[in-house]
Every structure is written in C-alpha cells, then in structure tokens.
Amino acid sequence: MKKTILLFIAISAIISSCDVIEPPYTTTNTGQDTTTNQVVQKVYVEYFTGHKCINCPTEAAQLKALKSIYGDKLVFISIHSGAFATPSAPNYLVDYRTITGNELDANFDVTTISVPNSLVNRKQYEGDVVLPSAAWGGAIAAELLRMPQAAICLNPTLSGNSIELKAGIKPLAQIEGTFMISAYIVEDSIMSWQKNNNIEIGPTPDITDYYHRYVLRTSMNGTFGDTLFCPVAMPTDSFNINYSTPADPTWNTSKLYVVCFIYNKETDEVLQVEMKKIK
Amino acid sequence: MKRILLIIISGILLTSLHAQKAKSTIPSVTIRNLDGVQVNTADFSNDGKPFIISFWATYCKPCVREFNSLTDVYEEWQEETGVKLFAISIDDSRTSNNVLPFINGKGWEFDFYLDVNSDFKRAMNVNLVPHTFICNGKGEIIWQHTSFAEGGEMEMLEILRGLLIEEKE
Amino acid sequence: MKRLLTVSICLLTLITSTVFAQEQKMGEIRGDFQTDFQLYQEDSLIGAPPVPEKFLMNGYLNLSYTKGDFSAGMRYEAYYNALLGFDPRYKGNGIASRWASYKHKDFEITAGNFYEQFGGGTLLRSYEDRSLGIDNSIDGFKIIYSPVSGIYLKGLVGQHRYFFDKGQGIVRGADAEINLNEMFEKWKDKSLRLTFGGSFVSKYQTDKDPIYNLPENVGAFAGRVTMQYKKINMFSEYAYKINDPSAINKQIYKDGQALFLSGSYSTKGFSALLSLKRIDNMNFRSDRTATGNMLQINYLPSLTRPHAYSLSAFYPYATQANGETAVQGQVTYKIPKNTKLGGKYGTDITLNFSRVHDIQRNAINDTISIGQSGTLGYTSPFLKIGDELFFQDFNLAFGRRLNKNLRLIAEYVYIVYNPEVIEGHAGNMVHAHTGVLDLTLKLKNKKSIRCELQHLYTEQDEGNWAMALIEFAVAPKWSFGVQDIYNYGNSNSDKRLHYYLLSFSYTHNSSRMAISYGKQREGIVCVGGVCRNVPASNGLLVSVTTNF
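One line per chain: the protein sequences are L, P and E, in this order.
Residue numbering for the first sequence follows our numbering, starting at 1 and increasing by one per position.
Residue numbering for the second sequence follows our numbering, starting at 1 and increasing by one per position.
Residue numbering for the third sequence follows our numbering, starting at 1 and increasing by one per position.
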C-alpha cells in the first residue's frame, strides 16, 4: 500500500510538469546599446567552420542574428579548420586554413567533435567549452552580464605592406593571474563558394557568392600570444604594446580588422576583447 | 599517478581472481520470454540437470554459426546429458521483433529469451557475443567461453560429460 | 584526489570481502574488464591523420557485489586518450557509474547510475553501446513495483551521464505495463496474449537564451500494445511530445509524434514480417543544445536490416529524428531437407526489403518558410509520405550446407543511399550492388577455414570495391585471418588503394585477446545537423576482454 502511494505521488509530480509555449516564440531584444564613453564588456566568439560544411550557413546566420542584437559587444571571428575546410577541385580550391587556426583547433579539440562549433570567451558554459549553435545565445548573454575589468584601446594602421598595431590596455579593477595578450588579423566579407543545405539562406547545394565574415588570416604575435602581466595588475597600471606584421598581398586591405583580446593563461578564459578596422 | 593506480587495481584484481574459489550463481535480472511474460533469471533451472546459457543476436554471424552447430548435436546431447539451452537474445528494439521469425526460419529448438536492454548481459559481465555459460544442476556457473569457431561445441560436450560423472559420484 | 580516495576505499572494501567471499555467506563479487588500444602510423595515401600521442587507449572495468537481495557496483573508465573516431571529450579517467540496488520479490529500488527502457524505447531508453561511444545512463533513483501479478510499474528521476560529468537537464519518467494473461486466472492459458503499456517522460532545463522563449519542462507520453495469437505477433507504439525547440530541429516549436507498427506470422520453417514507422520531430534530449550521440532520452532505431559483412555495411542508414516514414518487409523460408531445391540438409532463404522517405512538410502560411527557427516549423499530414527518398535496401540471402563439412552463405544487397541527408555532405544518390560469398570448411581436429569474397558495384561515390578474407581457426582458442579490401574502381587512380588487415585472436574461456594490423577506411558520422569525421587509420589495434 505504502509503495503504491509512493509511486502515485511520483507519477503525479511528473505529469504536472509541461510547458506548452504560446506565440510569440522569440523576444525582441533592444540590445541595450550605449552611446556613452563608458567601457563596455565585450564577448569574443571563435566560430569554427569550413567551406564544405553544408550546415554551416544556417549556423552562421544564427551568429549574425546575435550580432545584430548585440552590435559591437559581440566580436566574432571565423576559423576555417578541419576536414570540411580542406580545398578540393573544382570550385573549393581556396584554403582559408591558417597555422593559428589549426593550432587553436588542436588545442581545444573543436572540429574533431563536430563542425560547426564555437568557443565563447574560451570559457566553459554548462559543462562544455566547445559549444554547438543552440548554446551560443545563452553563453553570449551570460558573458555580457559580467562587469568589464579591463579596457582595450586599439590603433591599427597599414603603412606600405605592413600592418602596425598600437594597443593600450588599462585594468579597471585589480586583476590577479598571468594574463596573455593576443592579436589576430581578420578579413571580412571574402566572397567564395560555400556548401549549403538550407534554401532559406541561399541556393543549394552550393552558394557561389557567399560572404565569409571575419575570416582569421594570421596572428600578429603567435597563436597563443605574449604575456601581458603577471602576477597582478592594478587599476593604476597601464600597458602599451606595439606589433607589426606583413600584409599578405592576397588580402583585401580595405576589409581588414585587428581583433585583440586578453586572456588568463591558466584558465584560457578571455577577459576582454576589442576589434578595430585597419585604416 | 593515475596510470600507476590503474596498474595496481589490475594487479589486485588478478590476484583476487585466483583467491575466489566459490562458484558464481546467476544474478537476478528481469527478462522476457517469447510470449512476452517477464521472467526472473535467478529462477533458471533444468530440474537438477545442467543447462547452457548463451548470449546471441540475429545480426551476429558467429552466434548464428554456433547455434547452427549446436542444433546439429542438440538432440544427441539432450539424450546423453539432459541438457537444456537458454538462448538469450540481446537484439534491441531495432531487431527484437525479428527474433521469433528468425529462429523459426532457422528451425532452432532452444528456449529463447529477449534481453532488449542488455540488462542480463551486463549483470553476467558479458562484453562480446557470442558468450556461452555452462551451469551445473545447482545453477552454479562452472564454465564460460566467448567467441565461436567450428568445433568449439566439442569442448562444451566434454564439460557436460564431466558434470555427469561428477554428479554420479 | 577525491576520485583516487573514493576508488581506493571502494577497492579496499571489495578486496577484503573477496577474501571472505570464499564462503558464499559473504556475497559474490564479479566483474569484467575491457581495453582497446591502438598504435597509429601516419599514412597520407589513405588520408590517415598524424596522431601526436601515437598510442591511444580506451579502458573499462566493471565491478559488482551481490549479497542476497542487495547488490552494488561501479564502472571505472580510462581514456589515454580516446581512440580515433570516439568523441575526444572522453578524456582522462574516472568513475563512470556507481550504483546500489535492493530487489525483493515484487519491489526493486536502485540508486546511482542505472539503465532502463520503456516499451520499445520511443520515449525513454538509457543504454550502453561501447563501440559507438554511447552511454546515457541515468544517475538518480529508480523504483520498480508490481502490486499484483501482471501489473508492472516503474518510476525514475535523474540526470544523464555526460562524459565524466552530468548532463544539464533533469529527466523524470513513469511507466505502467499490464499483461492481461498474467493478471486474470481465466486468461492464463488463452491462446490470445495481450499486453498494454503506457509511459510518461518529461525533462527540465532552464532557459537562458536571449532570443527564444524556451519551454523549461518538456513532456511526452506514449502508449503501446503487444498482441500474440497463435502464430501471429503484433506490436505497436505511439508517442507524442510537446514543443521541444532544440539544436537538432533548429529551434522550431512544433510538437513531435512517432508511430511504430510491426506484425509477423511465423511458423517452423517460414516467417513473414512487416513493419511501418513514422517519426515527426522526435529528437528528445535532456539538454536541448546537445548533438551527436550525447544525452538522448529516447531511442529511435532505424527500420532497416543491419548488415554484418564489410562491403554491404559501407552505406548504413541513420534514423532522421526530424522526420521520416519507413517500411520494412521480410520473408524467410527454409526449403526442407532431402528435396531437389533444398539439397540434403535444407536451404534457408531470407528476402528483405526496406524503404525510407521524408515526411511531407507543408508551410504553415505564406510568410513562414518550412523549418524556420522560432516558429511552429511546418505541418505534416499524418498519412502522407514525403517525396524525398532517404534510403532503400533490397537483399536476398541463402544459407546452405553443401556437405557434412562445408557451409555456404550467399547474399545479394542492393542499396540506394542519400548521402546529403544521411551524412550531411553534398553528393549524388548512391546506388550500390553488393554480392557476398561466405564459405566455412570444417577440418579435422577442431580446425576450420572460413573464406569470404565480396564485391561492391557502384557508379557513384568511390566506385567499385572488392574484398577477400581468409580465416583459419583452431577451436576453441586460436584464429588467424588475412583480409584485403581493394578500391579498384575509384575514378581517381591515386585512390585505388588496398586496405589490408592481418588479424589474430586468442581465447581462453571468457578471456579474449584480439590483435589486428593494417589499414582502415575513413568515414563520416552525422547525427542531426552536426557531422563528425572518423579518420582513416593505419596501425596495430589490440583488444583485450575478460571477466571474473
């Protein structure tokens, strides 16, 4: 008798739980954009993809939707790596893979899990560092709730065939740990073929004029960057760095950006990021 | 450090393997017979005579070969030793509806049971199929063997004959 | 550190009780151990990637202790690192599962990690399939109770295992099954056997998404009927799930339905089987963002015949949880012995056919496209079949004993395979014809030779393949094998490669060691909208398994 009651309670508890959602299914997000001079916390997303990955245009569209909500607060770069990024004849001969991209892929084991996937501030979100598209919204929202702890000021210029970066980093609070600084160069809106399986995004099976956004081209100071400070930085400190990298002649110099971020060497977590167009 | 621990664990277990001389009994797990009735494996018995428990699947070729070879000698073995074969199919819901048609198509005459979620397989610590156990009249496991090659059934017959002699003593 | 301590304590208690286990009053300890490790060589010809570790290994150890009505156990797993083709998030070592259970007459309670299936698994199945790297055991509580003979009740709650951690969502479920023949004395010996079952499963996961209003509690229910009358068998199951936007269905709010029907007639020497299936948006995971083989609550098996021969298994079908309609029919017949057609010992014939289509998807209105995220997605009339063909398999198999020592199996398989849907990469529909000959010759002194010859003909994908295998076995301990799979028909002459394999195995009662050396083809595994590449490999693979 007692056992029957126990089971009955368990079953009723289970049956009473059901959320049927009524439309509208999405919330219109204002994005809380600021036009003040206050320092904003930005989130850094590394999106791993490949031009032969048929699901990628759909997932990339999701990232772009998040970008339109968050604007400058969301900095994302596309890293082409793994089996779906290899060149193949006759229409996919471009090779967007880079040493930096391959090293990041190997380090975080991204494309061996699946493609597409992203790292959001290289931080673990609900148990995973490598996140599938359905988790990006939640992870990005969670990261943007944090208070900014550092400000990054970038001044990238193109002089001749060389990209010069002058950057200033200012801690806004006491930061403990060994922090690294990384600077990558990305090129936006590169047009080439992309495999696709979603009629809504474009023609299938190939989109011949797909715009690859913010494609990683190279790192200025190595894949994993340089040490910025150790073991602590105070709000009274300020750091200035200068980097210089030759510009590859195949790049479109009018669409180049520098992405610069600082991260904790121990935990890999990105503290702050900034992106600026190279003039 | 973790690897050293792994080695120590393996070492201790191997020595305890030799330390344990008591015979294992069949664990108590709920499976179904072909009529859909739930059966408790701890109740498996053959009226004091030895019996064989064999794990198989419809898509496992060596298992089919083993059962074809056993079918050829089953009648003789039953006359000589009174043995019974309980065939436990680990086919899951993808192929479990095919088990009855399959065995009828082959003309096998053993006692068949369905272990659709591999509960009995796990409890008997079976990793690969085919895996066959021989139990004495008391329901104690006295022999087991994994994989099958033609002629392997002869070893089973020797074990069964050995049991007969033991029981007569 | 904590883990080490826990493991050591568990082991010490188990070992000290092992010593006493010699007197059965102290309970029984049993366990099993399995390890697979591989040494990799780089091989650019077949596209095998360099493996920086050179040596990869998966190890599993199960231990259990039983005394009377009480039992407990644990599983320890180690990946240093996981073999190629396994999810690389299986890393390091740890206690993958631990459990304790008490079972007495009609009542059973389990705490810790457990496996369970409701009906056919359409709503809930937690199971382990090591070769696929699937282990979705539920860590929580399970109660099974049978109040009267013929009624079986189950209730469970817990979280899924996720590598060495737990999945995000909480899973709850209840199942009731009524077997009329066991319940009523009058029905006990009736030739009509009827069983009814019903289940309810729901999951909870918080919504932190900035764009979508996600349901935090998603519930699903199912009903099933099993009927047997003399030689006829029938099983059917229907499941319904409320809105469950997830990574797999691209965040649509449509409900999900699944229907499975299977009927068979079988008698000695003849059987006929027909199965029908319809799935519409039935991906059900405890974490809506999960993809691949992880965190699935339910089990949607494919309604196609599993193939056991290498070439006929080149193009396997994977169930499309987002929607499919499938049919499978099979007839088996044993031509009696001592007849002209059947030969001296009889011949068994199996004819099997299966076909899978998409469901019909209609747009909801003019402004919303089919499958658009953040909407109801589409409507799908229940009785209509979609136009797109996913998969078709027609196969015919003969088994015949030619003389006392010679057995022959011959198979013909014709597969039509849609790589875009099944693998997630663009390509033409593959039409593949495969022929298999499998001959076993029994020699004196428990020796035997087995020979396999296979040929795959296709004009798509990688072209034709041929395969030959010779295996020599000395029962019950030894076996040696040599095998070659040759892609002679590849349109790219650089890829006409031999994938040779040498194998050896030694079995002693329940322990087995298998070694193989050679090359393995690459493949792509796609589940839902996400794909994983299983790379080619060249090297030495060793598997050891034992129990005690």
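Everything labelled a hint here was simulated from the structure, so no lab data went into it.
Keep in mind that a hint or two might mislead.
Said to hold, decoys possible - Pairwise CB distance ranges, derived in the manner of DEER restraints:
| id | chain 1 | residue 1 | chain 2 | residue 2 | range |
| --- | --- | --- | --- | --- | --- |
| 1 | L | 23 | E | 37 | 32 to 42 Å |
| 2 | L | 23 | E | 433 | 41 to 51 Å |
| 3 | E | 500 | P | 23 | 41 to 51 Å |
Idealized CB from N, CA, C, for every residue including glycine.
Okay, the hints, checked on the actual structure:
A hinted range of 32 to 42 Å for the beta carbons of residue 23 of chain L and residue 37 of chain E is inconsistent with their spacing of about 54 Å. A beta carbon spacing of about 50 Å between residue 23 of chain L and residue 433 of chain E agrees with the range 41 to 51 Å that was offered as a hint. Between residue 500 of chain E and residue 23 of chain P the CB atoms are about 44 Å apart, so this pair conforms to the stated range of 41 to 51 Å.
Of the hints listed earlier, the one the structure fails to meet is number 1.
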